[in-house]
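Starting from two chains that each stand alone, build the complex the way the hints lay out.
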Amino acid sequence: MSKGILVHAFNNEDINYVKQACMVAERAKKYLGLPTSVITDGEVPEGYFDKVINFNSPYNYTSRLYNSGHLGKHLTFKNNARVQSYNLTPYEQTLIIDTDIVICDDTFKYCFEQENPLLMYSNAYHLGQNLDYNEFKKISDSSVDFYWATCVYFVKCKQNKIFFDLLQHIEENYRHYRMLYQITQQTYRNDFAFSIAAHIMNGHTKGDFVNPMPGKLYYTIDKDKLHSIKDDTLTFVIDNNPIKTKGLTVHAMDKYSLEEIL
Amino acid sequence: MDQRLKKALEHADYVTTFKNQKRALKEKFSKDTTVYYCGGQFTASREFISSVLSLRCDIFVDNNSTPIEIKDKEDFYNVLVEAFTKASEDYHTEYKKIVNSERTVQGILDV
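Chains as they are written, first to last, in numbering that gives the first Met the number 0: chain L, 0 to 261; chain H, 0 to 110.
If you're looking for bench data, these hints aren't it; they were derived computationally from the structure. Possibly wrong hints are sitting among the right ones.
Mimicking DSSO-like on lysine-lysine, the simulated pairs with C-alpha atoms at most 27 Å apart in a straight line are [as the list claims (entries may be wrong)]:
hint: 1; chain 1: H; residue 1: K96; chain 2: L; residue 2: K136
hint: 2; chain 1: L; residue 1: K28; chain 2: L; residue 2: K72
hint: 3; chain 1: H; residue 1: K27; chain 2: L; residue 2: K222
hint: 4; chain 1: H; residue 1: K85; chain 2: L; residue 2: K229
hint: 5; chain 1: H; residue 1: K18; chain 2: L; residue 2: K215
hint: 6; chain 1: L; residue 1: K215; chain 2: H; residue 2: K85
hint: 7; chain 1: L; residue 1: K229; chain 2: H; residue 2: K18
hint: 8; chain 1: H; residue 1: K6; chain 2: H; residue 2: K18
hint: 9; chain 1: L; residue 1: K108; chain 2: L; residue 2: K72
hint: 10; chain 1: L; residue 1: K28; chain 2: H; residue 2: K30
hint: 11; chain 1: L; residue 1: K108; chain 2: H; residue 2: K5
hint: 12; chain 1: H; residue 1: K5; chain 2: L; residue 2: K28
hint: 13; chain 1: H; residue 1: K5; chain 2: H; residue 2: K96
hint: 14; chain 1: L; residue 1: K245; chain 2: H; residue 2: K21
Residues of chain H placed beyond 10 Å of chain L at every Cβ, according to the derived structure [stated by the list, open to error]:
hint: 15; residue: M0
hint: 16; residue: L4
hint: 17; residue: Q20
hint: 18; residue: F47
hint: 19; residue: E68
hint: 20; residue: D74
Glycine included, each C-beta is placed from N, C-alpha and C at the ideal position.
Okay, chain H solo, but in the shape it has when bound (with noise of 0.2 Å):
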């Protein structure tokens, strides 16, 4: 095989594994956003944790719709803090992983 179409083909085949680590990686992030609090399922954004403290309502809608009551706010805060704040760190801390690696399919997978 012509080498420059050799490694073009090696460079590709490293790409769509980076991309797919890369995705990987958003779906973990993504589940461990994912906060379980009084039987309801919640994402752990900054928008949401930056408005669970500014308003006096008890009641939360969840992300099946459905209102949830909650009535230690501040313990609530605290849970998606936590897991907003461990996700993104590992996210950030893994994907540096995969963007340091050898710039090989292989590289990848070693990490």
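This is chain L alone, in the form it adopts within the complex (with noise of 0.2 Å):
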């Protein structure tokens, strides 16, 4: 079966998503051995990609609050191609991963070995101290688990396609969805997708439907700055202080410190 990494790259006014998808596609290649293939509405660098699918979205773009330490700005957010994953990705077995994740190890090979068709993180870790993130265990405070769509591992398979079927009705129906799941937050996220076609999978239960990925996810929020890059060795600032890992692969949101180094 053909496998690969799907990236979604859609720019906007300050963010060049493009840019970091190529940093995913290298290092994709270096750690995983694995090709990486783009998603994207704008022109990309030769050489970098398997394969360029050209998704120019009909929705309305949504707007959302994109942080760099403390300061704020609203700008575009294009996020609503990934629940069409299932039908643009070129390969059977599929990675889907954020462009701001920073492979450092080759952990994400290991869902390419094992037999479930479907796996996402449902628990990830804040590399500051003792810093615990309520918002990513619900989607809201009275309501279902919460499953982050930064990584998504799945198979094309029968059940698979149902489910991404479904995540586009929740997204062309968001509003109903965001009411019936107590959703405060009014902007689209794929993340409370993903996690409310999870829990109806699921028989509007817990369940096994959704496999967990190989190892952790570790993540630092868009506060956190993300000061350097050396192969496998990455240096944040994070409160004020700083923490190095090596050989860790972590989910930098900080996109405007993550463009100033690429």
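Written out as structure tokens, the structure reads:
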């Protein structure tokens, strides 16, 4: 079966997601030995990607707050192509990852060596000291478990086709599902759509329709600065304190500091 | 700034950075002791390793509660031992480096 990485890269006013996608493609090749395809609505440089899939979204774009350190700015957020991943991927076995994932090890390759057709992270670990972000546990105070759409491994099969069709339905009717699942945030968010779909596919309860991704998802939030990337060594500044990781893949959410480094 | 306070704050920064680095090393150890074998995910701990060859059963329940059949238990054992030994040695080596580094924030980061 063909296998590879799929990234979504839709630039906005400030953030060059395509540049980040190139970083992902380079590191996926180096650490995982896998090709990367990109879904985008813009131009991409040659030589990085296995396939370039043009997608001009028919939907209205949303807007979200991008933080850089302690400064915030509302920018266009084009995130509704992710639910189309099943139809757009050129691979039988696909790992979708965000462009701000800095791959530093080969943990992701074990997705392709196990038998479960759908994997996502439900737990993630902040690199800061003892920080516990409740917003990443449930999608709302009285609602269902949070799944990260940041990294999604799926195989082309009947059940995943149903899952992704359901995701499209949720995305199109997000207002209804936001009310139903008591989500306070108005902006459409893929994490919420995937969490809701997982809950529905589990028979409206907890279950193992979605299995855990290998290893742990480490993350830093958009207020944490990525200071440097040197091979598999990353240095962050979190609450004015530095922390250096080696050989750990990290989801670095501060797009501005990532962009400065690239 | 009062020099006594300045020194105390510098030390506090050092302690925070030390704790951060120790936690990063611990997470690395946790990652390195995770072994993927026959489609299952296992943690190579002392307890688990010592139990692998002691039972006749070939079915092992992995970290995700999935039962995995392992036919070559000898090889599985060796993989676990190798992962655990290397992870422990790396953890020890890197920990010693930060303990023996200059007792400043920069000292730890320069390791």
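Comparing the hints with the structure gives:
Between K96(H) and K136(L), the direct Cα distance comes to roughly 35 Å. Violation of the 27 Å bound is thereby established for this hinted pair. At most 27 Å may separate the alpha-carbon atoms for a hinted pair to count; K28(L) and K72(L) exceed this at roughly 33 Å. Between K27(H) and K222(L), the direct Cα distance comes to roughly 23 Å. Compliance with the 27 Å bound is thereby established for this hinted pair. Distance restraint check for K85(H) and K229(L): the Cα-Cα separation of roughly 23 Å lies within the 27 Å cut-off, and the hinted pair is therefore satisfied.
Proximity of K18(H) to K215(L) is assessed by CA-CA distance (about 20 Å); at most 27 Å being required, the pair is judged to hold. In summary, the hint linking K215(L) to K85(H) is supported, as the alpha carbons are separated by about 19 Å, within the 27 Å threshold. Pair hint K229(L) plus K18(H) holds up; C-alpha atoms about 22 Å apart against a cutoff of 27 Å. Simply put, K6(H) and K18(H) have alpha-carbon atoms about 18 Å apart, close enough for the 27 Å limit, and the pair holds.
For the hint linking K108(L) to K72(L), the alpha-carbon distance of about 36 Å lies beyond 27 Å, and the restraint is violated. Distance hint between K28(L) and K30(H) is fulfilled; the C-alpha atoms sit about 21 Å from each other, no more than 27 Å. The suggested pairing of K108(L) with K5(H) is violated, with an alpha-carbon distance near 48 Å, which exceeds 27 Å. Proposed proximity of K5(H) and K28(L) is contradicted: the alpha carbons are some 47 Å apart, above 27 Å.
The hinted pair formed by K5(H) and K96(H) meets the criterion: a straight-line CA distance of about 26 Å does not exceed 27 Å. Of the pairs offered as hints, the one joining K245(L) and K21(H) holds, with about 12 Å between alpha carbons and a cut-off of 27 Å not exceeded. No Cβ of chain L comes within 10 Å of the Cβ of M0(H); the nearest lies about 16 Å off, and the non-interface call holds. The non-interface label for L4(H) is consistent with chain L: the shortest C-beta to C-beta separation is roughly 17 Å, beyond 10 Å.
At roughly 7 Å, the least C-beta separation between Q20(H) and chain L is not larger than 10 Å, which violates its mark as non-interface. Against the 10 Å criterion, F47(H) stays outside the reach of chain L, whose nearest CB is about 17 Å from its own CB. Even its closest Cβ contact with chain L, about 12 Å, leaves E68(H) beyond 10 Å, as expected for a residue assigned away from the interface. The non-interface label for D74(H) is consistent with chain L: the shortest C-beta to C-beta separation is roughly 16 Å, beyond 10 Å.
In this structure, the hints that do not hold are numbers 1, 2, 9, 11, 12, 17, in rising order.
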